[in-house]
Amino acid sequence: MTAPTIFAILYWAWISSEILLQLVTPTTRRRGKLRDRGSLIVLLFVIFASFWIAMQYGESHPRNILGGAHWLRIPALVLLAGGLAVRWAAVFSLGASFSTNVAIHASQKLRTTGLYRLVRHPSYTGMLIIFTAVGLYERNWLSLAVLILFPTAALLYRIHVEEIALTEHFGEQYAEYKRKTRCLIPLLY
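Residue numbers (our numbering): 32 to 220.
No lab work stands behind these hints, which were simulated from the structure alone. No false leads were slipped in.
If you anchor each label on the Cβ, the simulated ranges turn out as follows:
id, residue 1, residue 2, range
1, Gln204, Ile105, 40 to 50 Å
2, Ile72, Arg213, 26 to 36 Å
3, Tyr220, Phe123, 17 to 27 Å
All C-beta atoms in this analysis are idealised placements derived from N, C-alpha and C, irrespective of residue type, glycine included.
Required output: the full structure, derived from the provided sequences and hints.
So this is what it looks like as structure tokens:
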């Protein structure tokens, strides 16, 4: 199987899983209090626009990362698979508490084990790894920058909204978790 075929399979597996998450995790079904503040719409728009710009530019302009090194596709595929694994593991570990909207349910428990022991938002860490992988696969500096900078800004807004809701719901328990656990990147941020 060729690198482009593997990339296409992983890329469409990710897109399909994100669409499926939108369809099967409606907050209203569980009667959670919605606190999204438009962050889902912002996030989806920014991700879609960033991918469209990066891929259009990447296909129409020279591959300029390390001289367009074809070997860079293999580490990019490994990163893409790793990002998917992190994203899916984080989503599955939350189980019924996972929602694509920022919503807190009365019976919700604070998850601090597994990937959540390393970072507070591992599903977003997985997404950032995916964005980086796609940018590296395109082998174009502008594509890489667009796929990292704009989605990261949207994710930081989303995280801000989530952390307000989590702090309001869990109080000191979440404040203590924030003091002990990094946001997105273990040991760094």
